[in-house]
Amino acid sequence: MSDHLKRLNAPDSWHITKKTTKFVAKTAPGPHNANAMPVAVWLRDQQGLARTMKEVKQILKQKDVVINGRPVRDPKMGIGIFDVIALPRIGKYFRVLRDLKGRHKTVEIDAEAAQKRLCKIENKTIVPGGKVQLNLRYGANIIADNTYKSNDSVVISLKPEDRFKILEHYPFVAGNMATIIGGRHSGKVARIIEIIKTPGSVPNKVILEDEKTKERFDTITPYIYMIGKETVSKASWGLDQ
1 MSDHLKRLNA PDSWHITKKT TKFVAKTAPG PHNANAMPVA VWLRDQQGLA
51 RTMKEVKQIL KQKDVVINGR PVRDPKMGIG IFDVIALPRI GKYFRVLRDL
101 KGRHKTVEID AEAAQKRLCK IENKTIVPGG KVQLNLRYGA NIIADNTYKS
151 NDSVVISLKP EDRFKILEHY PFVAGNMATI IGGRHSGKVA RIIEIIKTPG
201 SVPNKVILED EKTKERFDTI TPYIYMIGKE TVSKASWGLD Q
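Okay, so the sequence shown: first residue is 1 according to the UniProt record's numbering, each after it adds one.
By construction, these hints were calculated from the structure, which means they are not laboratory data.
Virtual Cβ for every residue (Gly too), placed ideally from N, Cα, C.
Keep in mind that a hint or two might mislead.
What the hints assert, rightly or not - Here are the simulated PhoX-like cross-link-like pairs (lysine-lysine), alpha carbons at most 20 Å apart as the crow flies:
no.: 1; residue 1: Lys22; residue 2: Lys54
no.: 2; residue 1: Lys26; residue 2: Lys54
no.: 3; residue 1: Lys92; residue 2: Lys149
no.: 4; residue 1: Lys92; residue 2: Lys159
Unchecked claim - With beta-carbon atoms standing in for the labels, derived distance ranges:
no.: 5; residue 1: Ile195; residue 2: Ala28; range: 31 to 39 Å
no.: 6; residue 1: Asn9; residue 2: Gly175; range: 39 to 47 Å
no.: 7; residue 1: Thr52; residue 2: Ser201; range: 43 to 51 Å
Start from the sequences and build out the full structure, keeping to the hints where you can.
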């Protein structure tokens, strides 16, 4: 398989110029899906912190880019929704979100906010010893008790001394707050009104009420990302930017 991708074929979610050069870095297999943006594209094309792939590699070699608490060395590693990016050498911190058009949006956060990450629980598995393992959407796995369920969200610590410690828990239930990460309602913040279970392999349907307009709409479970309980401060996750 090719190591490069033609710019014209790059996902629209990357929101990069299409006609500057012929090729662009291709996302390596990793924690996010195929639409994840490579670190190289984020540094060079989105943030303008590097001019060439050579400069990107030099930055990464010096461990100047830390994603979710770990230095990144692979320029093709994918960046996805709610990833926390730290550039400690220049004292800058960012969180990756979705805008209303489903594109990657980077918002700047402070150093304290960069010490935690919001994670969606994709599913749970039982590991040897009978312990429950939470499989998170961005590829990490953590051991926890059985009170957490699939599609819930947890806030985990990124501090080295208590990495992966669960700080908060937002259940996937009616009345709680969510943001939409896909489909035509991408980027909206809404309250869950009802969860309609669908038999078979079709994703469950979710009825929500837009937090701003009070308009009701529906989407499917894979597009739901829990961000709070009865109330939520959009500013706390950068959703107001």
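A quick look at each hint next to the structure:
no.	hint	verdict
1	Lys22 - Lys54	holds, 17 Å
2	Lys26 - Lys54	holds, 15 Å
3	Lys92 - Lys149	violated, 34 Å
4	Lys92 - Lys159	holds, 16 Å
5	Ile195 - Ala28: 31 to 39 Å	holds, 35 Å
6	Asn9 - Gly175: 39 to 47 Å	holds, 42 Å
7	Thr52 - Ser201: 43 to 51 Å	holds, 45 Å
In this structure, the one hint that does not hold is number 3.
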